[in-house]
Amino acid sequence: MALELKNLYDDFRDAKTIKAYAKIIQEDAKKLPLPINIMEVCGGHTHTIMKYGILQLLPKNIKFVHGPGCPVCIMPKERIDHAYALAMQEDVILVTLGDMIKVPGSNGSLQDARSKGADVRFVYSPMDCMKIAKENPHAKIIFFAIGFETTTPMTAALLDVVIKKDIKNIFFHINHVTVPEAMAALLSDDECKINAFLGPSHVSVISGSKIYEEFPRDFNKPVVVSGFEPVDVMQSISMIVKQFVENRCELEVEYKRAVNRDGNLNAQRLNDKYFEQVENFRWRGLGDIPKSGLKLKAEYDIYNAEVIYDAILPKEPIDDHKLCICGDILKGKANPPECSIFGTACKPTSPIGSCMVSSEGACAAYYKYGNLI
Amino acid sequence: MNKTISLACGNGGEENNELISKVFYKAFKNDILEKGEDAAIIHNGELAFSTDSFTVSPLFFAGADIGKLAVCGTCNDLAMMGAKPKYLTCSVIIEEGFVTADLERIVASMKQELEINGAVVVSGDTKVVPRGSVDKIFINTTGIGEVLKSGISANAITNEDVILVNRDIGCHGATIFAAREGMEMSSSLKSDCASLFPQVKALIDGGVEITALRDATRGGVSAVLNEWSKQSNICIEVEEEKIPVSDEVKGICEMLGFEATALANEGTFVLAIKKDHAELACRILKEFNPHAEIIANVTSRHVGKVVLNSSWGTSRFLEMPNGELLPRIC
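Note that the protein sequences, when read in sequence, are chains G and W.
Each step along the first sequence adds one to the number in my numbering, with nothing skipped, and position 208 is 208.
Offset between the second sequence (1-based) and my numbering: plus 1000.
Don't read these hints as lab results, they were simulated from the structure.
Note that the structure is predicted; figures quoted are calculated from it, not measured.
What you were told as hints is all true, and nothing was included just to trick you.
With a straight-line Cα cutoff of 25 Å, these simulated SDA-like cross-link-like pairs (lysine to any residue) come out:
no., chain 1, residue 1, chain 2, residue 2
1, W, K1086, W, H1043
2, G, K368, W, E1227
3, G, K368, W, K1250
Model the full assembly from the supplied sequences, consistent with the hints where possible.
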């Protein structure tokens, strides 16, 4: 029998299986001496948890804290301003991934820039830049690259083609960030309440499960690398609870259909060829995290929009809105409904804080699905 | 309102409604307009009156083209008020350089669709503008219909009604996205674009007690249900697994990160029918499409909201679509 697309998700949303896991978790959770706080690092997991009502199936002593794994949410305002400034250049076509469209910077969002005449394009694949560059030979195409390990190789692959085909009008503004450094930074906070992690699995498809080995080993926090369907998440929660019941602390992989220890070595080689770690990347809400971002190596400066447009790019860090508690939410210290402007001044149609901007953000997910529970 | 109009203001969802109420309703305010129905009921309740403009890229797509769309769109708005489409106007704005053969093809499919509705174009206008002033061709149609069944209204739904859809949802939106993104799918996916009057007539002739009808165009089924929950002050509780969605549409939604309920349709409508007539209505609709289904109950659980119940016992709100339809990124 040929594999159909629906085979990739139908069984993973099966009601009987979800209910069966709910029962197992309920039973096992009775044996827990203390409540456990699980952080789902990735915004994709936040989305699954809220969309499928996972929290409604869990006992009271299992709680979730929503992590910083939404690439749009953690982007500091000054870098959003970079995108805006680049887009407003006369001969520039700014290309980026869809979620960036609504993010408000100091002057407005890219959507606002576009309605003021800027040429901003949203693509599914960075490779679409090739077509745009060919159709607009006199324009400068700047790819504003965002995302975690998952999207980094796509940017590297585009640069690889640009160099090999000697394309003269495609440039890069790199905002790629990495997961393990952010997880470690969260754990170093004294107020951190996280007992275990649901590990982002698409990140591990690229980087392997090995990137999380330090967490059980050095921080005594179990990690289960989980898929994104509701059955995946329920199974992963069950695996975490069992570790606590059986007094284990390990790295386990639930998403075995796509993740192994080493990951995609070709993608890693491509990343290593073009990118290197930055000294510090400033995360919105979390502040500077050492070595948590990537930049183009100096030998590729002629493709680096941050170097080429240095003169027009704002440098000053910009603080978040005073009433916004996105920082605490990203650290797992607060839940969205605890924010005084949640759902009132700050809504998906007029976001103030970063977590409301992207559909992957914790506030947007709560606003969209979550106020029943 | 924002200082400039963004694309999201035309999404059929929240921002769109804000634009309409804060700019147009404010200026044009009158009793007929404020009813917010698909078509205005005028002339002592005898006539239905509606208008729609059409701009779509690509102009020709699997299952239809802008011409068929332009006739279906306006005729369907009339049909949703229980009216038989009779007279249409047709205005076109054409970009300089447009291929004549394409225009003829578009007009031919308009003619074909008019025949299905038993309607005629009785007035029109043509403008040609310099290259770049419009995207190839924009079409506006306005229509007048004769009300066959009066009293149909989005403001009259109660706990005595159930909610149905006439077919599987989201095909038009999924087809357009697949075409725009150049996704070549080996599938039978095509737009649902169709005239709905024959189905409405069959329901009326069959003696079905109709409370409300609305075609689920921009904003999809989700927008219709949300509008109804507010207009009629009710809670609509949808059984998620009852919503008919084809494998092809589900697949596109998975790949691009959409929800089928937010995708546009051009030949799909939502019905509020008195409980004891629901089976009859469903039977009549199934003669046109086997996927017609009762999908929701009307309750008082969360008035003004749409609740989606999963088959594993959890609930969530189904919100009005907002923003531009965007894919998730990773």
